[in-house]
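Colleague: Sequence:
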Amino acid sequence: MFFKQGFYKTNFDGTIFQQLNISGIGFVVRDWNGKFVAGLSKKIAGVLDPDVVEAYAIKAVVNLLQQPNLHHAVMEADSQTVINLMHDFESLLDHSRIGVLIGDVVTTWNSYPNWEFTWIPRIRDMATHCLATQASNLSDCCL
Numbered sequence: 001m002f003f004k005q006g007f008y009k010t011n012f013d014g015t016i017f018q019q020l021n022i023s024g025i026g027f028v029v030r031d032w033n034g035k036f037v038a039g040l041s042k043k044i045a046g047v048l049d050p051d052v053v054e055a056y057a058i059k060a061v062v063n064l065l066q067q068p069n070l071h072h073a074v075m076e077a078d079s080q081t082v083i084n085l086m087h088d089f090e091s092l093l094d095h096s097r098i099g100v101l102i103g104d105v106v107t108t109w110n111s112y113p114n115w116e117f118t119w120i121p122r123i124r125d126m127a128t129h130c131l132a133t134q135a136s137n138l139s140d141c142c143l
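Numbering-wise, the working numbering puts 73 at position 73 of the sequence shown, and it's gapless, one number per residue.
In case anyone wonders, no lab produced these hints; they're calculated from the structure.
Keeping only pairs whose Cα atoms sit at most 25 Å apart, straight-line, the calculated PhoX-like set for lysine-lysine is: (1) Lys35 to Lys9; (2) Lys9 to Lys59; (3) Lys59 to Lys4.
So the derived label-pair ranges between C-beta atoms look like this: (4) Ile123 to Gln67: 23 to 31 Å; (5) Val37 to Ile120: 12 to 20 Å; (6) Asp88 to Arg122: 19 to 27 Å.
Values in this document were obtained by computation on a predicted structure and should not be read as measured data. Just so it is clear, CB atoms sit at the ideal spot from N, CA and C, and this is done for glycine as well.
Construct the complete structure from the given sequences, taking the supplied hints into account.
Modeller: Structure follows, in structure tokens:
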């Protein structure tokens with residue numbers, strides 16, 4: 001695991017549960033020593049497009065990272081679509097549900113120059129995938 005000195009490492013993920021008509025998100029935040037700082041597992045009503053669920057997950061992470069002392073962060077996800085949208089949003093003019101969510105995140109990101117967003121393979125994102133999957137067992141969310 002690579003941790004940049006002085007940076008928080010976050011991973012986020014989303015999943016859908018067709019049969020239950022819900023979606024779930026999860027994230028984990030660790031400090032540069034790999035120590036757990038925060039995590040979330042949350043249920044979202046309705047079956048959403050997988051990329052939209054990932055966008056809800058990144059929005060949840062960004063909301064947390066606006067806290068004092070969390071302004072240096074590397075955010076990793078296994079959704080290449082969402083990460084690509086983050087880096088190329090200005091040229092897209094996407095007014096869909098995912099576009100609105102990503103637009104909000106990009107607007108916030110512009111205020112935090114020490115945030116980075118990168119893609120990682122699913123195998124390196126299993127902790128957050130498990131948290132997103134566990135959301136189906138919750139009444140609301142677990143922080």
